[in-house]
Amino acid sequence: MSSERAPQPLTAAANPPVQPLASNLLPGDVVKVSATANVPAPERQLTKVAKLIDVSKCIGCKACQTACVEWNDTHPEVESNVGVYENPHDLTPDMYTLMRFSEYENPDSGDLEWLIRKDGCMHCEDPGCLKACPAPGAIVQYSNGIVDFISENCIGCGYCVAGCPFDIPRISKTAHVAKKCTLCSDRVAVGQGPACAKACPTQAIVFGTKEDMITHAEGRIADLKSRGFDNAGLYDPQGVGGTHVMYVLHHADQPGLYADLPADPKISSTVEAWKGPAKTVGLVAAGVAIAGAALHGLFARANKVSEEEEREAQALVDGSDREGSP
Amino acid sequence: MSTTSTDRGIVAPGDAIVQRQPVEVSRYRGFTRANHWLTAICAVVLLLTGFAFFHPSLYGLTALFGGGQTARWLHPIVGVVMALSFFGLFVQMWRLNLPRKEDGEWTRKLGDVMKGNEENLPELGKYNAGQKLMFWGMAGLLALLLLSGVAVWEEYFPNLVSIPVRRAALAVHAVSALLMLLLFVLHVYAAIWTRGTLRAMTRGTVTGGWAWRHHRKWLRALVARQDDRG
Numbered sequence: 001m002s003s004e005r006a007p008q009p010l011t012a013a014a015n016p017p018v019q020p021l022a023s024n025l026l027p028g029d030v031v032k033v034s035a036t037a038n039v040p041a042p043e044r045q046l047t048k049v050a051k052l053i054d055v056s057k058c059i060g061c062k063a064c065q066t067a068c069v070e071w072n073d074t075h076p077e078v079e080s081n082v083g084v085y086e087n088p089h090d091l092t093p094d095m096y097t098l099m100r101f102s103e104y105e106n107p108d109s110g111d112l113e114w115l116i117r118k119d120g121c122m123h124c125e126d127p128g129c130l131k132a133c134p135a136p137g138a139i140v141q142y143s144n145g146i147v148d149f150i151s152e153n154c155i156g157c158g159y160c161v162a163g164c165p166f167d168i169p170r171i172s173k174t175a176h177v178a179k180k181c182t183l184c185s186d187r188v189a190v191g192q193g194p195a196c197a198k199a200c201p202t203q204a205i206v207f208g209t210k211e212d213m214i215t216h217a218e219g220r221i222a223d224l225k226s227r228g229f230d231n232a233g234l235y236d237p238q239g240v241g242g243t244h245v246m247y248v249l250h251h252a253d254q255p256g257l258y259a260d261l262p263a264d265p266k267i268s269s270t271v272e273a274w275k276g277p278a279k280t281v282g283l284v285a286a287g288v289a290i291a292g293a294a295l296h297g298l299f300a301r302a303n304k305v306s307e308e309e310e311r312e313a314q315a316l317v318d319g320s321d322r323e324g325s326p
Numbered sequence: 001m002s003t004t005s006t007d008r009g010i011v012a013p014g015d016a017i018v019q020r021q022p023v024e025v026s027r028y029r030g031f032t033r034a035n036h037w038l039t040a041i042c043a044v045v046l047l048l049t050g051f052a053f054f055h056p057s058l059y060g061l062t063a064l065f066g067g068g069q070t071a072r073w074l075h076p077i078v079g080v081v082m083a084l085s086f087f088g089l090f091v092q093m094w095r096l097n098l099p100r101k102e103d104g105e106w107t108r109k110l111g112d113v114m115k116g117n118e119e120n121l122p123e124l125g126k127y128n129a130g131q132k133l134m135f136w137g138m139a140g141l142l143a144l145l146l147l148s149g150v151a152v153w154e155e156y157f158p159n160l161v162s163i164p165v166r167r168a169a170l171a172v173h174a175v176s177a178l179l180m181l182l183l184f185v186l187h188v189y190a191a192i193w194t195r196g197t198l199r200a201m202t203r204g205t206v207t208g209g210w211a212w213r214h215h216r217k218w219l220r221a222l223v224a225r226q227d228d229r230g
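As they're listed, the protein sequences go chains A and B. Using the working numbering, read the first sequence as starting at 1 and increasing by one per residue. Using the working numbering, read the second sequence as starting at 1 and increasing by one per residue.
Heads up, some of the hints might be wrong.
As the list claims (entries may be wrong) - In silico DMTMM-like pairs for lysine to aspartate or glutamate, Cα to Cα no more than 20 Å straight-line:
no., chain 1, residue 1, chain 2, residue 2
1, A, 57, A, 308
2, A, 266, A, 108
3, B, 115, A, 308
4, B, 217, A, 318
5, A, 304, B, 155
6, B, 217, A, 167
7, A, 173, B, 155
Treat the hints as calculated values from the structure; they're not laboratory data. The structure presented is a predicted model; accordingly, all values stated were derived computationally and were not measured.
Use the sequences and the hints to build the structure in full.
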């Protein structure tokens with residue numbers, strides 16, 4: 001392998017460099033680490049990246065799902081057709097991305113609209129999974145915005161499932177670790193865009209710097225508006241600090257139409273309370289109680305039974321003998 | 001031998017004066033002691049594995065069990081064992097822990113309790129109000145811990161509750177666990193501070209003086225019972 005570092009990928013469309021290149025996503029690029037308070041400042045700031053999914057251009061072919069399975073070498077179970085287009089039925093530990101199909105009867109136009117949303121990890125700037133995780137180093141965020149699960153450190157507790165505002169992580173029943181979309185961090189590390197974006201035949205999925213993706217989205221939104229979708233817009237929810245997977249929606253005013261995409265996702269206040277300063281207060285209370293009990297036990301006067309009390313008890317028992325015995 | 005209705009609330013089966021010179025009183029029979037220590041072992045394992053997940057600074061405790069993965073699967077299984085084991089204690093002790101009229105006076109004189117001035121306190125049955133509070137507190141917290149624990153048991157009940165309920169369950173579990181730890185500390189502390197108590201859970205007996213000082217009504221009931229037996 002060459003010692004030359006791969007360039008940061010700026011698109012998924014271009015062919016990647018073919019010469020062997022060293023990974024360009026280094027341990028020093030980590031900015032947030034689960035259950036770790038003081039993460040050293042990163043040595044450099046990578047360009048923020050994003051995947052943009054233009055729902056209006058998606059034809060529902062599932063090439064992205066196939067590419068995801070192939071690249072990540074997962075083996076989703078073959079399921080039965082239950083009369084809907086989703087396949088498999090939900091995100092699973094072996095299926096990191098899923099086309100969700102919603103039928104919407106537009107009351108304004110009378111049209112039946114088939115809304116198809118590619119579901120998967122949104123790579124939040126403020127990741128709820130990472131906040132909830134109790135295992136140091138099991139979830140990390142790189143300075144380019146990618147949120148990644150590090151399976152060696154994962155204990156499979158499922159706290160990330162509760163922390164995620166989008167219901168994304170799934171726990172493997174065999175490996176006992178959490179699984180989700182990595183934004184192809186292993187491809188991005190060597191200068192390539194995510195497999196799904198690479199495979200998308202209509203370029204409904206594009207990848208690049210977050211800035212470029214926002215610019216690209218603006219062009220798409222202007223186009224949609226010119227064609228009568230007055231509420232077209234970008235889905236980059238600020239409640240989680242923005243996301244590194246964004247959608248162009250024709251009905252950005254009603255994200256819920258797209259298989260219940262949350263309108264204003266944020267880390268639940270319950271999770272914030274559970275993982276917040278209250279925990280430190282609790283820890284201190286426990287520490288004080290233990291130390292206090294130990295000190296008091298060592299130095300305070302013990303509660304002792306006196307000789308006198310032993311005699312009283314003896315007298316009680318003996319006395320009853322005299323009175324009670326036949 | 002008769003168990004009168006009045007002493008059912010202060011005397012457990014197996015409680016008896018087992019030696020007269022010097023007086024020795026059986027407080028916990030072997031079954032109860034085994035039941036107690038199984039519960040105690042479970043509690044220690046649960047506190048160590050659980051607090052490893054409570055705060056990152058305590059995550060190193062998982063090393064005692066062979067790592068985070070092991071602690072993660074061990075914790076809920078031991079939790080179920082503890083719940084069953086405590087239920088055994090509950091069945092044996094709930095009646096003795098019902099409130100009685102002397103509990104009010106005992107509680108009002110908490111200052112004397114803390115100073116060890118037991119001569120100012122009312123005569124008590126098998127348990128004082130503090131022990132009763134400990135009993136019901138642990139029972140209540142364990143019920144909460146069991147329910148909230150099952151709700152977040154990813155291995156066997158991944159879809160039992162909705163995600164918002166799961167978040168609430170995690171918060172309830174953490175708060176209950178912390179309160180349980182505080183009760184646990186108090187329980188161990190009180191057993192050690194009150195000298196002569198530990199042997200009730202090891203050998204099963206206490207001295208006559210101990211029974212006279214701390215649970216005189218209980219001792220009187222045992223003496224009376226012995227007289228009935230003739």
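Consistency of the hints with the structure:
Taken as a hint, the residue 57 of chain A and residue 308 of chain A pair is broken in the structure, with Cα atoms around 92 Å apart against an allowance of 20 Å. About 31 Å separates the Cα atoms of residue 266 of chain A and residue 108 of chain A, which puts this hinted pair outside 20 Å; it is violated. For the given pair, residue 115 of chain B sits about 18 Å from residue 308 of chain A by alpha-carbon distance, which is consistent with the 20 Å threshold. Restraint check: the Cα-Cα separation between residue 217 of chain B and residue 318 of chain A comes to about 17 Å, which is no more than 20 Å; the hinted pair holds.
Taking the CA atoms of residue 304 of chain A and residue 155 of chain B, the gap is near 49 Å; set against the 20 Å cutoff, the hint is violated. At most 20 Å may separate the alpha-carbon atoms for a hinted pair to count; residue 217 of chain B and residue 167 of chain A exceed this at roughly 59 Å. A threshold of 20 Å between alpha carbons decides the hint, and for residue 173 of chain A with residue 155 of chain B the separation of about 7 Å falls inside it, so the pair holds.
When held up to the earlier numbered hints, the structure conflicts with 1, 2, 5, 6 and fits the remainder.
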